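All chains should be built: construct the whole structure from the sequences, respecting the hints.
So the protein sequences, as listed, match chains Y and L.
The opening position of the first sequence corresponds to residue 4 in our numbering, with each subsequent residue numbered one higher.
The opening position of the second sequence corresponds to residue 777 in our numbering, with each subsequent residue numbered one higher.
Just so you know, the hints here were simulated from the structure itself, not pulled from any lab data.
Just so it is clear, the structure is predicted and the values come from calculations on it, not from any experiment.
Each hint should be verified, as a subset may be incorrect.
[Said to hold, decoys possible] Pairs of lysine to aspartate or glutamate residues, derived as DMTMM-like cross-links and limited to a Cα-Cα distance of at most 25 Å, are as follows: (1) Y/281 with L/824; (2) Y/134 with Y/89; (3) Y/281 with L/864; (4) L/914 with L/945; (5) Y/281 with L/905; (6) Y/281 with L/945; (7) L/804 with Y/99; (8) Y/281 with L/856; (9) L/839 with Y/93; (10) L/914 with L/856; (11) Y/281 with Y/386; (12) L/896 with L/945; (13) L/839 with L/815; (14) Y/281 with L/918; (15) Y/281 with L/952; (16) L/962 with L/918; (17) L/804 with Y/93; (18) L/962 with Y/99; (19) L/914 with L/938; (20) L/839 with Y/99; (21) Y/94 with L/952; (22) Y/363 with Y/153; (23) L/810 with Y/99; (24) Y/281 with L/943; (25) Y/94 with L/824; (26) Y/281 with L/815; (27) L/810 with Y/93; (28) L/896 with L/938; (29) Y/281 with L/947.
[What the hints assert, rightly or not] Over the 10 Å line for every Cβ pair with chain L, so calculated as not near, a few chain Y residues: (30) 18; (31) 49; (32) 134; (33) 160; (34) 259; (35) 263; (36) 315.
Built from N, CA and C at the ideal position, the CB exists for glycine as well.
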Amino acid sequence: MLLTISDSTAAKRTTILRAAGQTLQRYPQIWVAIVLWLASNVFVTELSKFARWEGGSSYYRWEGSSSYSSVDLCQWDCGWYARVLESGYDKTPRVDGSANWPFHPLFPLTAYPFHRWLKLSLPISLVFASKAALLFAIYSFLLMVGHQTETTADRFMAGSLVAFNPYLVYAHAGYAEPLYFALLTFAFYFASRGRWIASGITGAFLSATRMIGFLFSLSYAMMSLREPDWRTGWRKYDLNKLIGLLLCPLGTAIYMLYMYHHTGDALGQVHSQAAWGKSPGNPFPILWQCLAGHHWLRVWGAMVVAALVASAWLFKLRKPELGVYLALSVLISLSGGYFAISRYIWWQPPFLYAIHCALKRHAAWWVIYAAFAAGMASFMIVEWFSGHSFVV
Amino acid sequence: MKGLLGWSIVAALAGVYLAAFFAVLHPKISPAYKSYYIDRTSSDWNPEHYPGTPEQGINFSRKGLPDWVHSTYGFSVREDGGRWTDGDVARTPGLAFTLRLNGPLCLEFTASPAPSLIGKTIAVQMGNETKTLQVLPKGSTEYLVQFTQVQGADRLNFLLPERLPRESEVDRGSGDTRRLGLELIKLRVLPGNCATTAPKGVATSTAVQ
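Right under this line is the structure:
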């Protein structure tokens, strides 16, 4: 009897393992993403260790709910997300005028299970949430470039653009960047396959992650209008396309209505930037200011120019939906100031898509890119733990 | 998704956007919120007021504002030394009073100029009178400005040159991109003539127009 039960358990286990093996074989993007995600975690942990030897900081330490240490993995925006997760959105601005309104709700919601159910601390929950989102970001990018990646080596190279992003630290530091990246990539992927409702729902989640996500509506509209059915009369028009389009900015709209109900200002997330001295302006003088400046200003300016060039190139590659999104998202982000513009650029799927296409055409450039990405990622991790404010 | 259900979803979603549009057009906010966050006419959010008179003046490095100052505009964040005017925040920096000032007044203020402002002519405006003065080429300087007959002044404006350069443009190594003008340290408004009201030992550093 005992032997029979044991045999049946073993058989079940074998069946599960075989099914899992078949799934991974059928969808190689899954295991490639998992391997790259693990490697990315090892990379960041190791580099963080080196940085911590110098800075005396810890990986996850966070000194209580009201104190945000400047030398830990969870700092800057992670601290703001922690405030959202801990006590919800501010009803009124704080004494210094700041408020947690610009930090959209979806990312802290993904950290909720870690904090409430697994009883992890706020910083660890947010760090884990961003790390988990990174796995999906890698996977979604592999799906996005699937038609260009035929071999396992191709997939590893494509996935490494995300897993070893020059601004990789933000994927491990309790920021919304990897979630935003994953959702936007999935939204583009679904739309490219004609799955309009899925794309619209993903777009809705995207716009609840970062405000700039509402721009996907424009890319969506371009992709859906490319299909010929809308020209053949409204009776033949696929209503799913319209519903998907209306779903895209839903996250932003609902958050605006919530802000209106909660604070009285539907655009509180934009207006509250005043406390940080940010106000929407013409992005081109800001770009000129960066290029005319020195040190990091010029580096950031060069990155903006690279993103705009990539955007133009995406048009040439007949990917106008990606090009439009990249150009507008960079210019809108830049209009509020140049701080953090580098991470906004490097966590844009269309930018990495353009880099992937360029490296696919010129394989020899991989060496140069890999050296730059590894060096920049390592440097940013070390600086992150050194408490420099330019990493914000 | 076809037919009635599909169009019902479209109508519901359109309703959400109409509601959001209405919310944007009809904010339920205080005037103080509007002036700080939206119009950007105030440099302080909901400042605490402490007892004080125009004669006692305002110390710009101190948190909050004295009773006689309603709000400030065109200033950057408070620093240990004082507060810089920033051309990006407002073209004309200044103070809004909670009372109206009349009669002959002596404006006394201590300020440091940004390098781009040294030697330039600026003006201060209170009510119906505007006085020009030369910015001196040294650090912290006390300026005395005589207003002969002010009528109902509820604001004090510093009229600085337009399009001041950014600090990063003047000092290539600086990452500061504010359009700095004057760093105001202290300011008082005294009744009467500067010659009689100015404390002993203080030199009148600028010509009074």
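Status of the hints after comparison with the structure:
1. Annotation: proposed proximity of residue 281 of chain Y to residue 824 of chain L holds, straight-line Cα distance about 23 Å (limit 25 Å).
2. Annotation: proposed proximity of residue 134 of chain Y to residue 89 of chain Y holds, straight-line Cα distance about 20 Å (limit 25 Å).
3. For a cut-off of 25 Å, the pair hint linking residue 281 of chain Y to residue 864 of chain L stands: about 10 Å separates their Cα positions.
4. Pair hint residue 914 of chain L plus residue 945 of chain L holds up; C-alpha atoms about 20 Å apart against a cutoff of 25 Å.
5. Restraint check: the Cα-Cα separation between residue 281 of chain Y and residue 905 of chain L comes to about 34 Å, which exceeds 25 Å; the hinted pair is violated.
6. Proposed proximity of residue 281 of chain Y and residue 945 of chain L is supported: the alpha carbons are some 19 Å apart, at most 25 Å.
7. Restraint check for residue 804 of chain L and residue 99 of chain Y: satisfied, since their Cα atoms lie roughly 21 Å apart, inside the 25 Å limit.
8. Distance check on the hinted pair: residue 281 of chain Y and residue 856 of chain L sit about 22 Å apart at the alpha-carbon level, within 25 Å; holds.
9. Between residue 839 of chain L and residue 93 of chain Y the CA atoms are separated by roughly 22 Å; this keeps the pair inside 25 Å, and the hint holds.
10. As the CA atoms of residue 914 of chain L and residue 856 of chain L are separated by approximately 19 Å, the hinted pair is consistent with the 25 Å bound.
11. Straight-line distance between C-alpha atoms of residue 281 of chain Y and residue 386 of chain Y comes to about 24 Å, which keeps the hinted pair within the 25 Å bound.
12. For a cut-off of 25 Å, the pair hint linking residue 896 of chain L to residue 945 of chain L stands: about 18 Å separates their Cα positions.
13. Using a Cα cut-off of 25 Å, the hinted pair residue 839 of chain L and residue 815 of chain L holds, with the two alpha carbons roughly 22 Å apart.
14. With a CA separation close to 32 Å, the supplied pair residue 281 of chain Y and residue 918 of chain L exceeds the 25 Å bound.
15. At most 25 Å may separate the alpha-carbon atoms for a hinted pair to count; residue 281 of chain Y and residue 952 of chain L meet this at roughly 14 Å.
16. The hinted pair formed by residue 962 of chain L and residue 918 of chain L meets the criterion: a straight-line CA distance of about 9 Å does not exceed 25 Å.
17. Simply put, residue 804 of chain L and residue 93 of chain Y have alpha-carbon atoms about 16 Å apart, close enough for the 25 Å limit, and the pair holds.
18. Only pairs whose Cα atoms come within 25 Å are accepted, and residue 962 of chain L paired with residue 99 of chain Y is accepted, the gap being roughly 22 Å.
19. Between residue 914 of chain L and residue 938 of chain L the CA atoms are separated by roughly 22 Å; this keeps the pair inside 25 Å, and the hint holds.
20. Annotation: proposed proximity of residue 839 of chain L to residue 99 of chain Y holds, straight-line Cα distance about 10 Å (limit 25 Å).
21. In summary, the hint linking residue 94 of chain Y to residue 952 of chain L is not supported, as the alpha carbons are separated by about 32 Å, beyond the 25 Å threshold.
22. Using a Cα cut-off of 25 Å, the hinted pair residue 363 of chain Y and residue 153 of chain Y holds, with the two alpha carbons roughly 12 Å apart.
23. With a CA separation close to 16 Å, the supplied pair residue 810 of chain L and residue 99 of chain Y stays within the 25 Å bound.
24. With a CA separation close to 17 Å, the supplied pair residue 281 of chain Y and residue 943 of chain L stays within the 25 Å bound.
25. A threshold of 25 Å between alpha carbons decides the hint, and for residue 94 of chain Y with residue 824 of chain L the separation of about 19 Å falls inside it, so the pair holds.
26. For the given pair, residue 281 of chain Y sits about 13 Å from residue 815 of chain L by alpha-carbon distance, which is consistent with the 25 Å threshold.
27. Simply put, residue 810 of chain L and residue 93 of chain Y have alpha-carbon atoms about 17 Å apart, close enough for the 25 Å limit, and the pair holds.
28. Our distance criterion of 25 Å between C-alpha atoms is met by residue 896 of chain L and residue 938 of chain L, whose separation comes to about 12 Å.
29. For the hint linking residue 281 of chain Y to residue 947 of chain L, the alpha-carbon distance of about 22 Å falls within 25 Å, and the restraint holds.
30. Every CB of chain L lies more than 10 Å from the CB of residue 18 of chain Y, the least distance being 37 Å, so the non-interface label holds.
31. With 10 Å as the threshold on Cβ separation, the claim that residue 49 of chain Y sits away from chain L holds: the shortest Cβ distance comes to roughly 31 Å.
32. Every Cβ of chain L is farther than 10 Å from the Cβ of residue 134 of chain Y; the closest lies at roughly 31 Å, confirming the non-interface assignment.
33. The claim that residue 160 of chain Y is not at the interface with chain L holds, since no C-beta of that chain comes within 10 Å of its own (minimum 36 Å).
34. With 10 Å as the threshold on Cβ separation, the claim that residue 259 of chain Y sits away from chain L is violated: the shortest Cβ distance comes to roughly 5 Å.
35. The claim that residue 263 of chain Y is not at the interface with chain L is violated, since a C-beta of that chain comes within 10 Å of its own (minimum 4 Å).
36. Non-interface call for residue 315 of chain Y relative to chain L: holds, since the shortest CB-CB distance, roughly 27 Å, exceeds 10 Å.
Hints 5, 14, 21, 34 and 35 from the list above are not met by this structure, while the remaining hints are.
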